[in-house]
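A.B. asks: Letter by letter, the chains look like this.
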Amino acid sequence: MKDLTNEIIELIRRTSSNLPKDVEDRLRAAVEKEAPGSAARGALETIMKNIELSRKNSTPICQDTGTPIFRVHYPEGWSARKLREQIRGAMAEATKKNFMRPNAVDAVYDKNTGNNLGGDDFPSIHFEEVDADQPLTIELMLKGGGCENVGRQYSLPHNELGAGRDLAGVRKVALDAVQKAQGQGCAPGILGISIGGDRGTSYIKSKEVLYDKIGTRNADPELAKLEERLTEESNQLGIGPMGFGGQTTVIDTKITGLSRLPASYFVSVSYMCWAYRRRKMVVRGEEVEYD
Amino acid sequence: MREITMPISDDVIRSLKVGEPVLLTGVMVTGRDAAHKWMIETFIKKTRPPQGDDEKVYQELKKLLNGSVIYHCGPVVAKDENGEYKFLAAGPTTSIREEPYQADVMKHFNVKGVIGKGGMGAKTLKGCQETPGVYFHAIGGAASFIAQSVKKVLGVYKLEFGTPEAMWVIEVKDFPVVVTMDAHGGSQHAVIDSSSQEVLDKLLREPY
Numbered sequence: 077m078k079d080l081t082n083e084i085i086e087l088i089r090r091t092s093s094n095l096p097k098d099v100e101d102r103l104r105a106a107v108e109k110e111a112p113g114s115a116a117r118g119a120l121e122t123i124m125k126n127i128e129l130s131r132k133n134s135t136p137i138c139q140d141t142g143t144p145i146f147r148v149h150y151p152e153g154w155s156a157r158k159l160r161e162q163i164r165g166a167m168a169e170a171t172k173k174n175f176m177r178p179n180a181v182d183a184v185y186d187k188n189t190g191n192n193l194g195g196d197d198f199p200s201i202h203f204e205e206v207d208a209d210q211p212l213t214i215e216l217m218l219k220g221g222g223c224e225n226v227g228r229q230y231s232l233p234h235n236e237l238g239a240g241r242d243l244a245g246v247r248k249v250a251l252d253a254v255q256k257a258q259g260q261g262c263a264p265g266i267l268g269i270s271i272g273g274d275r276g277t278s279y280i281k282s283k284e285v286l287y288d289k290i291g292t293r294n295a296d297p298e299l300a301k302l303e304e305r306l307t308e309e310s311n312q313l314g315i316g317p318m319g320f321g322g323q324t325t326v327i328d329t330k331i332t333g334l335s336r337l338p339a340s341y342f343v344s345v346s347y348m349c350w351a352y353r354r355r356k357m358v359v360r361g362e363e364v365e366y367d
Numbered sequence: 594m595r596e597i598t599m600p601i602s603d604d605v606i607r608s609l610k611v612g613e614p615v616l617l618t619g620v621m622v623t624g625r626d627a628a629h630k631w632m633i634e635t636f637i638k639k640t641r642p643p644q645g646d647d648e649k650v651y652q653e654l655k656k657l658l659n660g661s662v663i664y665h666c667g668p669v670v671a672k673d674e675n676g677e678y679k680f681l682a683a684g685p686t687t688s689i690r691e692e693p694y695q696a697d698v699m700k701h702f703n704v705k706g707v708i709g710k711g712g713m714g715a716k717t718l719k720g721c722q723e724t725p726g727v728y729f730h731a732i733g734g735a736a737s738f739i740a741q742s743v744k745k746v747l748g749v750y751k752l753e754f755g756t757p758e759a760m761w762v763i764e765v766k767d768f769p770v771v772v773t774m775d776a777h778g779g780s781q782h783a784v785i786d787s788s789s790q791e792v793l794d795k796l797l798r799e800p801y
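Chains as they are written, first to last, in this note's numbering: chain A, 77 to 367; chain B, 594 to 801.
Some hints could be false.
[Stated by the list, open to error] If you only want the chain A side, here are some residues facing chain B, beta carbon under 8 Å, derived:
#	residue
1	Thr122
2	Asn126
3	Cys138
4	Asp140
5	Tyr185
6	Leu232
7	Pro233
8	Arg247
9	Gly314
10	Leu337
11	Ser340
Source of the hints: derived by calculation from the structure; they are not laboratory data.
Note that CB positions come from ideal geometry on N, CA and C, so glycine has one too.
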């Protein structure tokens, strides 16, 4: 099995400093929607300058390089244990190179480990085995603390919001989450919503949907419709870039449905900031491709 | 655009209004969760006795913060072969976490401005009126861009809190911010919160 530590360091560099094109395109389109001279427009213009500068200098787009969340699809016969070691080694090295801020803090003793390695769960790595003839893919998402803090989980029914156990109820709690987030999750944001599951799987899936590109819709037409509606209605709230007030609060919404217990109906809303950092590497034999 | 040099006088602070873009120049200090908790517990509420270099740092901070600005920021910092620090990425962190502490820290140290993102609440807004001071909003996530206005790292205190939580003393030039809470009780955040709540209430009443 090939050692991929250096290739994974490169994946981390790209993820931290080079925003995906689909995100950048949406943000650029949002600039024109704000009034010239407005604080909202100024914020978006600064964001665009920052995107270019980070890419040019290989410096982090945001100083909060976030929780590193890896998703690995490995062909049958590869060792997940060795891949984990390589990912952890790459993470420590990428931190030394300042592609990442030291971000792993022991919650009990308040000690920053200094290298982004903290116990078995930091960085967070999910493994999935695929057939032996499939390539190895490693995806990385960096999710900052500001947007993570404004994520919400609702247990339906929610009487205060008049939200029952159906898609109408999902719409209500999702809009409530966007209003409560205000600009604190670094709007304009992207919503990852999962319906069902237990509390744990529900939150995990609400982030997993964020690995998909902007504009990809759920295959279920009902959910696809709700995704578009939520983006449009979130923008009616007028919170705007950074919460300054303005036209664009959310640039995309992604929804996934899970199984649930008869007794439970959870809706989890993960808010992703505009610095929507996700990248992917695909390994076929000796060849490594980055997306 | 209006250019302001730190330390800032009360007159200048009172002349600032919500919505005004400003470029800041001079010396400021970063401080976020651990720093605010430490300042409050050790020197303001005195529920924890000073330890190690606490007292010495306190005396220096009193001079540095008087008339100056606290920046809610946990930077990415490089150290070169000569031991010199350089900020590579230095955008604002979410300010509301300092809401329990901010007004008391402003008053105690005569801090004239707080830079962060997302705005702060009623207690800090009252602190802005009393000190007087303002809240400056920087662009969240624009870390590489903002780091360019940090010209020099003059020193660091409490590095034992970790790189993001340490108090970095920095010299900045034309640091871009927008006033979103002023010394007259104005808050852009309170305005947007209430207008978006009205729209939400309307949307919640609409049929699916």
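A.B. asks: Next step is simple, just say for each hint if it's right about the structure.
C.D. replies: Hints and how they fare:
Below 8 Å, beta-carbon pairs count as interface contacts, and A:Thr122 has one with chain B at about 4 Å; its hint therefore holds. Here the hint on A:Asn126 is kept, as its CB sits about 4 Å from the closest CB of chain B, short of 8 Å. Because the smallest distance between the Cβ of A:Cys138 and any Cβ of chain B comes to about 4 Å, under 8 Å, the interface hint for this residue holds. Hint on A:Asp140 holds. Least Cβ distance to chain B is approximately 7 Å, under the 8 Å limit.
A least Cβ separation of about 12 Å between A:Tyr185 and chain B goes past the 8 Å threshold, and the interface hint is therefore violated. Against a cut-off of 8 Å between C-beta atoms, the interface hint on A:Leu232 is violated, since the closest Cβ of chain B lies about 14 Å away. For A:Pro233, the interface hint is violated, the least distance from its beta-carbon to any beta-carbon of chain B being 14 Å, above 8 Å. The restraint placing A:Arg247 at the interface with chain B holds, with a minimum CB-CB distance near 6 Å, inside the 8 Å limit.
Proximity of A:Gly314 to chain B holds as hinted, the smallest CB-CB distance being about 6 Å (cut-off 8 Å). At its closest, the beta carbon of A:Leu337 sits 24 Å from a beta carbon of chain B; the interface hint therefore is violated under the 8 Å criterion. Annotation: interface hint on A:Ser340 violated; nearest CB of chain B at approximately 21 Å, more than 8 Å.
In this structure, the hints that do not hold are numbers 5, 6, 7, 10 and 11, in rising order.
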